[in-house]
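The listed protein sequences correspond, in order, to chains U and S.
Its first residue numbered 11, the first sequence is counted upward by one per residue in the working numbering.
Its first residue numbered 11, the second sequence is counted upward by one per residue in the working numbering.
What the hints contain is simulated information worked out from the structure, not anything from laboratory work.
In this text, a Cβ means the ideal position worked out from N, Cα and C, and glycines have one as well.
Heads up, a few of these hints could be off.
As the list claims (entries may be wrong) - List time: in silico EDC-like cross-link candidates among lysine to aspartate or glutamate, alpha-carbon distance up to 20 Å:
1) S:Lys53 / U:Glu347
2) U:Lys335 / U:Glu204
3) S:Lys53 / U:Asp344
4) S:Lys193 / S:Glu178
5) S:Lys141 / U:Glu167
6) U:Lys200 / S:Glu56
7) U:Lys335 / U:Asp159
8) S:Lys141 / U:Asp159
9) U:Lys126 / U:Asp341
10) S:Lys53 / U:Glu199
What the hints assert, rightly or not - For each label pair, taking beta carbons as the anchor points, the in silico distance ranges come out as:
11) S:Ile26 / U:Ser135: 38 to 48 Å
12) S:Ile99 / U:Glu61: 53 to 63 Å
13) S:Ser130 / U:Pro214: 39 to 49 Å
14) S:Ser15 / U:Ile278: 42 to 52 Å
15) S:Leu132 / U:Ser308: 30 to 40 Å
16) U:Asn104 / S:Leu135: 30 to 40 Å
17) S:Ile99 / U:Asp222: 30 to 40 Å
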Amino acid sequence: MNKMIKKILMTGAIGVWTLTLVGCGASKESITVYNWGDYIDPEVNDLFTEETGIKVIYSEYANNEEMYATVEPGNVNYDILVPSDYMVEKMIHNGMLEKIDTTQLTNYMHIDEEFKNLPFDPDDSYSVPYMWGTVGIVYNTKLVDKPVDSWDVLWDEKYKEQIFMYDSERDSIMVALKKLGYSMNTRDEKELEEAKELLIQQAPLVLAYVGDEGKGKMVNEEAALMIAWAGDAMVMMDENPDLAYAIPKEGSNYFVDSIVIPKGSKNIAGAHQYIDFLCRPEIAARNAEYIGYSTPMSAAKELLPEEIKNSEVAYPPKEMLNDEKMEMFNDPSDVIELYSSLWTQVKASN
Amino acid sequence: MNRKSLAYPYLIWAAIFIVVPLLLIVYFSFFEGGQFTLQNYEKFLEDYYIKALFRSIQLALTSTIICLVAAYPLAMILSGKQMSNKQVILLLVVLPMWMNSLLRTYAWASLLENNGVINSMLQALQLPTIKFLYGNSAVVFGMVYNFFPFMVLPIYNVLCKIDHSIVEASYDLGADKVTTFRKVILPLSMPGVITGIVMVFMPALTTFLITRLLGGGKVMLIGNIIEEQFTRTRDLAFGSAVSMILMVIVLITLTFMSKKDSLDKGGGLF
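Work the whole structure out from these sequences, hints included.
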């Protein structure tokens, strides 16, 4: 009998001991970050853990819609997301974001004034700008002899089957609307119909509607022209010096990707610490240099190598950005089905 | 524990991961906010959706026929007694399946590029380069490449099981090779052929990956439309309706194929 009691006590003791061990493991603080693919210098997360002891659980998505589809059902909890402007607007509208207390962010002052109070989050209560950029045309100067300054070049018979378009209804319809001189946020069905017709007309000239793999293919000179985000263009031009980037004169999309904390976050304090860390100029500069996109902090820009700092691709002249032809997307929820059906018609046209 | 209860884990699995999702798809496609509606199906009646559906069927049929024509002789040769290194060839057929098909399709996408490995080799040999990529033929190629083993294996299995004495009897009774093939081997191998057709036709009909990578997004198939609804448009109702339509087509094909009662005799799948 004694033996029995001893055994039970022993088991109990081991049990308690194990529990404490497990408890220790769980109390190690962590935050879960869900960001675009290739959108951070991977060492930055290690630096953050080194400094704060907070572990970063990191995963990536390919586009805003994919991120939204993962987060919306609410069964996966993230602490940090990096949606673009229109997606921030949509998530605020749907009550999916926590407020960010900017007074807790010691580095918030580094964010330039022009990136504050943007229309998608007018009083900056839900988002902190992370990176920004423009959409334009990447072209191979060996294959395209005349200067590129207009979307028209993507409709030029001369470049038949040498054009990559993005397999994204939003970006493609944006290009067509801009070429037609309309706002890219138009809800006018007639204007959208015209954009569709224009894209159908373009379809025979398009070599392929690509995703992220298009970048590598452009570097390999598979095609002469491609729509690209400025940050990607920086990386591509770095790999192939024959490539160049232009923002067409008809105007284009100008975007800001911001850091947000979604509802359901289990470590809001840790998330604030992480945001503050990313806003530190040295860290922001490190990320900007690594990923090629443009930082919204002048202090960070100053720390960048000369050729990036002075690049008109990454940092186009202010008057260009302030031109009303450069637009940000609005929340597209109300037209998303129409866009999808238009895009299907374009792609099914040939 | 009797033998029947061994099937319970699978039954539970099937209920949770097959039956429930199916019912959800049915529900999503017919109900909008609790109201019965057919509008998701009406939406599909646009000519461009119908066109995508027919193109899917057409491309899937083409690749099934190519697979069949290429696989049957191979299976015949492999099942023949005189083949000494058939294990090696069989391994070569199955080997690609050890790798993820996404990876292999990505590899083809870069091998077949205008400046890809194959065209560079042609160029080095002073031969004209070929534009392989982006279009229907590249998609058919991808389908044939990916699904070819699914045609070879069932036919090979059935052919191996054919009692050789039946074939010999046919020869003894004076039939020549062609007649023996036509009247004895082919009918006996039909279960394998039908399984092979089903195994190739179904994934070819529903693929969206091959079209995206090798078709360059220019070939819009039914699978791409469904994928788009779920991942980008977030129109679950319409996506479910298109899935239902696809399932009905698959069901019709299966019923049509299984009219041959021989399915249980070997290569049968269901």
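Structure-based check of all given hints:
no., hint, in the structure
1, S:Lys53 / U:Glu347, "holds (11 Å)"
2, U:Lys335 / U:Glu204, "holds (19 Å)"
3, S:Lys53 / U:Asp344, "holds (17 Å)"
4, S:Lys193 / S:Glu178, "holds (13 Å)"
5, S:Lys141 / U:Glu167, "holds (18 Å)"
6, U:Lys200 / S:Glu56, "holds (19 Å)"
7, U:Lys335 / U:Asp159, "holds (14 Å)"
8, S:Lys141 / U:Asp159, "violated (29 Å)"
9, U:Lys126 / U:Asp341, "holds (19 Å)"
10, S:Lys53 / U:Glu199, "holds (18 Å)"
11, S:Ile26 / U:Ser135: 38 to 48 Å, "holds (41 Å)"
12, S:Ile99 / U:Glu61: 53 to 63 Å, "holds (59 Å)"
13, S:Ser130 / U:Pro214: 39 to 49 Å, "violated (27 Å)"
14, S:Ser15 / U:Ile278: 42 to 52 Å, "holds (48 Å)"
15, S:Leu132 / U:Ser308: 30 to 40 Å, "violated (52 Å)"
16, U:Asn104 / S:Leu135: 30 to 40 Å, "violated (59 Å)"
17, S:Ile99 / U:Asp222: 30 to 40 Å, "holds (37 Å)"
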